[in-house]
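Chemist: One-letter residues, chain by chain:
2 protein chains.
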Amino acid sequence: MNAEVITIGDEILIGQTVDTNSAWIAEELHLRGIRLNRIITISDAPDEITQAVDESFSRVDLVLMTGGLGPTQDDVTKYTLAEYFNTELVMNESIRSEIESWFKSRGRPFLESNSKQAELPKDADILRNSRGTAQGMWFEKDGKVLISMPGVPYEMKGILRDGGFEKLEQFFKTTPIIHKTVLTQGIGESFLAKKISDWETSLRDDGYFLAYLPSPGLVRLRISGYAENGNAEKVEAEIAEYIAELERRVPEYVFGRGKETIAQVVGKLFQEKGKTLSAAESCTGGYIAHLITSIPGSSLHFMGSAVTYSNDAKQEILGVKKESIESDGAVSEDVVVQMAEGAQKKFQSDYAISTSGVAGPDGGSDEKPVGTIWVAIAGPKKTVAKKYNFGGSRSRNITISALTALNWLRNEFLSRELE
Amino acid sequence: MNAEVITIGDEILIGQTVDTNSAWIAEELHLRGIRLNRIITISDAPDEITQAVDESFSRVDLVLMTGGLGPTQDDVTKYTLAEYFNTELVMNESIRSEIESWFKSRGRPFLESNSKQAELPKDADILRNSRGTAQGMWFEKDGKVLISMPGVPYEMKGILRDGGFEKLEQFFKTTPIIHKTVLTQGIGESFLAKKISDWETSLRDDGYFLAYLPSPGLVRLRISGYAENGNAEKVEAEIAEYIAELERRVPEYVFGRGKETIAQVVGKLFQEKGKTLSAAESCTGGYIAHLITSIPGSSLHFMGSAVTYSNDAKQEILGVKKESIESDGAVSEDVVVQMAEGAQKKFQSDYAISTSGVAGPDGGSDEKPVGTIWVAIAGPKKTVAKKYNFGGSRSRNITISALTALNWLRNEFLSRELE
Chain A
1447 MNAEVITIGD
1457 EILIGQTVDT
1467 NSAWIAEELH
1477 LRGIRLNRII
1487 TISDAPDEIT
1497 QAVDESFSRV
1507 DLVLMTGGLG
1517 PTQDDVTKYT
1527 LAEYFNTELV
1537 MNESIRSEIE
1547 SWFKSRGRPF
1557 LESNSKQAEL
1567 PKDADILRNS
1577 RGTAQGMWFE
1587 KDGKVLISMP
1597 GVPYEMKGIL
1607 RDGGFEKLEQ
1617 FFKTTPIIHK
1627 TVLTQGIGES
1637 FLAKKISDWE
1647 TSLRDDGYFL
1657 AYLPSPGLVR
1667 LRISGYAENG
1677 NAEKVEAEIA
1687 EYIAELERRV
1697 PEYVFGRGKE
1707 TIAQVVGKLF
1717 QEKGKTLSAA
1727 ESCTGGYIAH
1737 LITSIPGSSL
1747 HFMGSAVTYS
1757 NDAKQEILGV
1767 KKESIESDGA
1777 VSEDVVVQMA
1787 EGAQKKFQSD
1797 YAISTSGVAG
1807 PDGGSDEKPV
1817 GTIWVAIAGP
1827 KKTVAKKYNF
1837 GGSRSRNITI
1847 SALTALNWLR
1857 NEFLSRELE
Chain B
1447 MNAEVITIGD
1457 EILIGQTVDT
1467 NSAWIAEELH
1477 LRGIRLNRII
1487 TISDAPDEIT
1497 QAVDESFSRV
1507 DLVLMTGGLG
1517 PTQDDVTKYT
1527 LAEYFNTELV
1537 MNESIRSEIE
1547 SWFKSRGRPF
1557 LESNSKQAEL
1567 PKDADILRNS
1577 RGTAQGMWFE
1587 KDGKVLISMP
1597 GVPYEMKGIL
1607 RDGGFEKLEQ
1617 FFKTTPIIHK
1627 TVLTQGIGES
1637 FLAKKISDWE
1647 TSLRDDGYFL
1657 AYLPSPGLVR
1667 LRISGYAENG
1677 NAEKVEAEIA
1687 EYIAELERRV
1697 PEYVFGRGKE
1707 TIAQVVGKLF
1717 QEKGKTLSAA
1727 ESCTGGYIAH
1737 LITSIPGSSL
1747 HFMGSAVTYS
1757 NDAKQEILGV
1767 KKESIESDGA
1777 VSEDVVVQMA
1787 EGAQKKFQSD
1797 YAISTSGVAG
1807 PDGGSDEKPV
1817 GTIWVAIAGP
1827 KKTVAKKYNF
1837 GGSRSRNITI
1847 SALTALNWLR
1857 NEFLSRELE
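So the protein lines, in turn, are chains A and B.
When we follow our numbering, the leftmost residue of the first sequence carries the number 1447, and every step to the right adds one.
When we follow our numbering, the leftmost residue of the second sequence carries the number 1447, and every step to the right adds one.
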């Protein structure tokens, strides 16, 4: 089963907008066993649209189209498609009144151009858009399907999630694919692959697929399997067993699943045990606090962070000894330990985490090159510290330091060795 | 002058990677007066490549291709293009030895597959890649041009910047376009457009183009003009005058140019005057510190930030009075002023900036709905505070609060009214 995506948008062709819709659709289709043959971006012009659809239909049975459905005159997609599929536009009264109340509820005037959004092709199935005024449209011709959707990402996603994908799966009788994602931190893709190679071999022998999806400081593992002939439960159970096995094998790296973030996982652990956390940041410069406070409800366990960039601030706010900074430098075990213990005391938190390092590009030396980062964790009874060498760019060092610190905190918290 | 982009990459067709190369190329070509007709993503297969190139050449004179040039067997682009353009691959000894030293300097083994990267089409001009092993290739056929480049973004950009664009401009004798970007903060796109409508009309009457490029909390304005017949200097001067006029008209919004960030502009101002800065963050949760410390060299003026999420921390670290929190709540003028003054004192900085607000999704009330944010700035002699209502999602509120606070700081610093 093959498909193509056609994106309509002059703003993409002049580089004002990055097309993220296509990547989202591509991944969702891939996970449903539908292969994308091409992704094509064209401008919003009748000839371009007609020609691109003709070409795509000569290659595949399914076309997903986004964009070109705005209420203004330069959006011609709906009119072009109605003509292409040999149908006419008629006013859909129920959608018209829905759009009208949508505007009313937002206290905005309902204009003639808005009402035009309810004029829809007679022979198309409407895929309702509850998040905006441009509806999704499902056209059929000789067993081939074209779905036209607005280009606003969350409206497009809503249309497909609210029924579009289901209709697709039924129409093309696709084999459903079950997929689970496991999140790891603290180990590179190739080292991880080596460590779990027999697990991976066994997984593949059982007919499952594995994808490594790396980003700075993290590697996501996606396991997929076909759920044919009503064996969905069996597939779910087998994948769950593989994931459990992975967690037993490398628990220090596996921190979560799906769309979780490490700050979220740490937050959940702390809130479950009723413990509190604070931070003292030098090289991460507030990024750890930002990751934590981006999560709604984090104020329940997170007391705050002392971003002490200057050495004076390390002394004044965290009580780091002047002599320690003078003898060992700010990037040292002694200082990072005092920072963590200082934050723990000042914020009156059960745990505290601290960082001090050379983020770069300047400030490196032979002894402490760019990428040298000290991390410490102060627990109720003990404080531990560790030195890392990341050696990347400034932004990479900040990101990786923060994620590494949070994952180490997760491991220490779970081990209860600092209590 | 029209062109098309062909992106080769199975990882894009399954949604593992978002194609950002095309947007970058699209913008760069647009700014050189070259119009993109289509952007096409295909898989790395000989038939697909040949067919796509044929189709593109039937529509346009220039094709830019990225991807498919890796050293492994599944990368077939180079071989397919050599055949398409009727030429053969020959070992390029000078590039071979360059690649060999590239590997040596990184202490990595030089394999047979790496040496294959120096086998290049005899009849193609080589666009040198100094950042990796896959070279750029310039093919010509009947006055049409195809440029093939690796898919790694910074290698691809390097190839075009280091000579690719220049060769293109000379070959197609394009009219150079001069473009300048002005950065604004604190005003929405439509309000800004209304405020400067006569300026915009005059700009357009003089033959220049204007694009509004909004992102959360910011609006970039891009002014472009054709530099024909050696009038580049005149165009530069006229655009500079329009920008100066804009800065005179709305200096409170215009904070920078080009790729500058607001944290960078503020940092430059503080470093020029030898002044220091600190922060006290509640709702922005460390994001202001993160924006500032992402800039290399920020430790010269930035002392740190007290991310005081809990009320106890506001009292303990910043010296906020318990009574103020109890009577007015943490999101109040009284508290945000004490936070700024507390940070100024603790960090011993000339200026301090503070935030306290309801980022959401929870914590809002009738009196202080989600999006209510107080910001204060403490200067050498005076402290000022302001209340904002952003009313967006948590991440939007955090972003917009931080940018708004930094731009207000810029204005107050320049006015010298707090000194």
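Just so you know, these hints were derived from the structure itself, not from any lab.
It is possible that some hints are incorrect.
Copies of one chain are not kept apart here, so a pair can be met inside one copy or by any two copies together.
[Said to hold, decoys possible] Computed list of lysine-lysine pairs in DSS-like fashion (alpha-carbon distance at most 30 Å, straight line):
#, residue 1, residue 2
1, 1550, 1641
2, 1828, 1613
3, 1768, 1791
4, 1587, 1814
5, 1767, 1721
6, 1832, 1814
7, 1767, 1833
8, 1814, 1562
9, 1791, 1833
10, 1719, 1768
11, 1791, 1767
12, 1641, 1680
Chemist: None of the hints should be skipped; say for each whether it holds.
Modeler: Okay, the hints, checked on the actual structure:
no., hint, in the structure
1, 1550 with 1641, "between (59 Å within a copy, 28 Å between copies)"
2, 1828 with 1613, "neither (57 Å within a copy, 64 Å between copies)"
3, 1768 with 1791, "both (18 Å within a copy, 19 Å between copies)"
4, 1587 with 1814, "neither (67 Å within a copy, 54 Å between copies)"
5, 1767 with 1721, "both (28 Å within a copy, 26 Å between copies)"
6, 1832 with 1814, "within (14 Å within a copy, 43 Å between copies)"
7, 1767 with 1833, "within (20 Å within a copy, 39 Å between copies)"
8, 1814 with 1562, "neither (65 Å within a copy, 38 Å between copies)"
9, 1791 with 1833, "within (23 Å within a copy, 32 Å between copies)"
10, 1719 with 1768, "between (36 Å within a copy, 28 Å between copies)"
11, 1791 with 1767, "both (15 Å within a copy, 19 Å between copies)"
12, 1641 with 1680, "within (27 Å within a copy, 63 Å between copies)"
The structure fails hints 2, 4 and 8 (numbered hints given earlier, in ascending order).
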